[in-house]
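All chains, please: the whole structure from these sequences, using the hints.
Each step along the sequence shown adds one to the number in this note's numbering, with nothing skipped, and position 68 is 68.
The set of hints was computed from the structure by calculation and includes no laboratory data.
One or more of the hints may lead you astray.
DMTMM-like cross-link-like pairs, simulated, lysine to aspartate or glutamate; straight-line CA separation at most 25 Å [said to hold, decoys possible]: (1) Lys164 / Glu22; (2) Lys13 / Glu132; (3) Lys130 / Glu12; (4) Lys19 / Asp96; (5) Lys81 / Asp30; (6) Lys130 / Glu92; (7) Lys164 / Asp32; (8) Lys13 / Glu48; (9) Lys164 / Glu92; (10) Lys109 / Asp120; (11) Lys130 / Glu45; (12) Lys19 / Glu115; (13) Lys125 / Glu45; (14) Lys62 / Glu12; (15) Lys163 / Asp20; (16) Lys62 / Glu117; (17) Lys44 / Glu65; (18) Lys62 / Glu132; (19) Lys99 / Glu12; (20) Lys163 / Asp30; (21) Lys99 / Asp16; (22) Lys130 / Glu65; (23) Lys130 / Glu48; (24) Lys13 / Asp135; (25) Lys105 / Asp30; (26) Lys81 / Glu22; (27) Lys130 / Asp20; (28) Lys163 / Glu48; (29) Lys130 / Asp30; (30) Lys44 / Glu12; (31) Lys99 / Asp32; (32) Lys99 / Asp80; (33) Lys81 / Glu115.
As the structure is a prediction and not an experimental result, all values here were calculated from the model.
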Amino acid sequence: MTIATDTDQSVEKLVDLIKDIEFCMMTTIDEDGSLRSRPMASNKEIEENGDVWFFTYASSHKVVEVNQHHQVNLSFSAPDKQRYVSLSGTAELVRDRAKMEQLWKPALKAWFPQELEEPDIALLKITATKAEYWDAPAGWVAKAVGFVKAATTGDREDLTENKKIDRL
Numbered sequence: 001m002t003i004a005t006d007t008d009q010s011v012e013k014l015v016d017l018i019k020d021i022e023f024c025m026m027t028t029i030d031e032d033g034s035l036r037s038r039p040m041a042s043n044k045e046i047e048e049n050g051d052v053w054f055f056t057y058a059s060s061h062k063v064v065e066v067n068q069h070h071q072v073n074l075s076f077s078a079p080d081k082q083r084y085v086s087l088s089g090t091a092e093l094v095r096d097r098a099k100m101e102q103l104w105k106p107a108l109k110a111w112f113p114q115e116l117e118e119p120d121i122a123l124l125k126i127t128a129t130k131a132e133y134w135d136a137p138a139g140w141v142a143k144a145v146g147f148v149k150a151a152t153t154g155d156r157e158d159l160t161e162n163k164k165i166d167r168l
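This is the structure in structure tokens:
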């Protein structure tokens with residue numbers, strides 16, 4: 001019998017928050033030590049342990065960066081749902097054809113016109129090490145209840161769930 005720990009439940013919540021957010025900003029470290037961010041499409045591919053996969057061109061500048069400095073950060077946001085996630089981890093280039101076939105989606109053809117036959121196609125795997133998320137009810141009813149409670153009690157109402165996960 002497996003007993004779920006607080007960390008297990010936090011990682012499960014993290015995965016649940018990210019799985020509906022298709023795009024994120026990936027931050028890498030450039031050759032001069034500065035931070036660089038760019039939008040990436042995860043295609044909603046996140047594993048149960050928090051690892052995230054991206055299709056990429058193996059010769060792209062971001063791959064040069066992660067080969068020099070493996071540390072990266074992924075920032076996911078869904079403002080309409082009041083969901084925000086920061087995921088830190090290490091990146092590695094993966095050229096596993098079977099994994100690419102498993103993760104391929106037709107929409108990726110916009111970036112990879114030759115699909116899996118692109119000569120330079122590869123995967124970038126982000127192995128999650130730390131994360132933090134913020135999740136708040138986005139509906140007007142939940143917000144209104146919070147405001148009314150704050151106004152009547154004089155206490156600041158914070159409906160946001162915030163959790164740091166230091167080990168994934």
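Status of each hint after checking the structure:
no., hint, in the structure
1, Lys164 / Glu22, "22 Å, holds"
2, Lys13 / Glu132, "11 Å, holds"
3, Lys130 / Glu12, "14 Å, holds"
4, Lys19 / Asp96, "22 Å, holds"
5, Lys81 / Asp30, "32 Å, violated"
6, Lys130 / Glu92, "16 Å, holds"
7, Lys164 / Asp32, "30 Å, violated"
8, Lys13 / Glu48, "10 Å, holds"
9, Lys164 / Glu92, "24 Å, holds"
10, Lys109 / Asp120, "14 Å, holds"
11, Lys130 / Glu45, "18 Å, holds"
12, Lys19 / Glu115, "23 Å, holds"
13, Lys125 / Glu45, "11 Å, holds"
14, Lys62 / Glu12, "29 Å, violated"
15, Lys163 / Asp20, "19 Å, holds"
16, Lys62 / Glu117, "21 Å, holds"
17, Lys44 / Glu65, "24 Å, holds"
18, Lys62 / Glu132, "23 Å, holds"
19, Lys99 / Glu12, "23 Å, holds"
20, Lys163 / Asp30, "29 Å, violated"
21, Lys99 / Asp16, "22 Å, holds"
22, Lys130 / Glu65, "20 Å, holds"
23, Lys130 / Glu48, "14 Å, holds"
24, Lys13 / Asp135, "10 Å, holds"
25, Lys105 / Asp30, "30 Å, violated"
26, Lys81 / Glu22, "14 Å, holds"
27, Lys130 / Asp20, "20 Å, holds"
28, Lys163 / Glu48, "17 Å, holds"
29, Lys130 / Asp30, "21 Å, holds"
30, Lys44 / Glu12, "15 Å, holds"
31, Lys99 / Asp32, "33 Å, violated"
32, Lys99 / Asp80, "32 Å, violated"
33, Lys81 / Glu115, "33 Å, violated"
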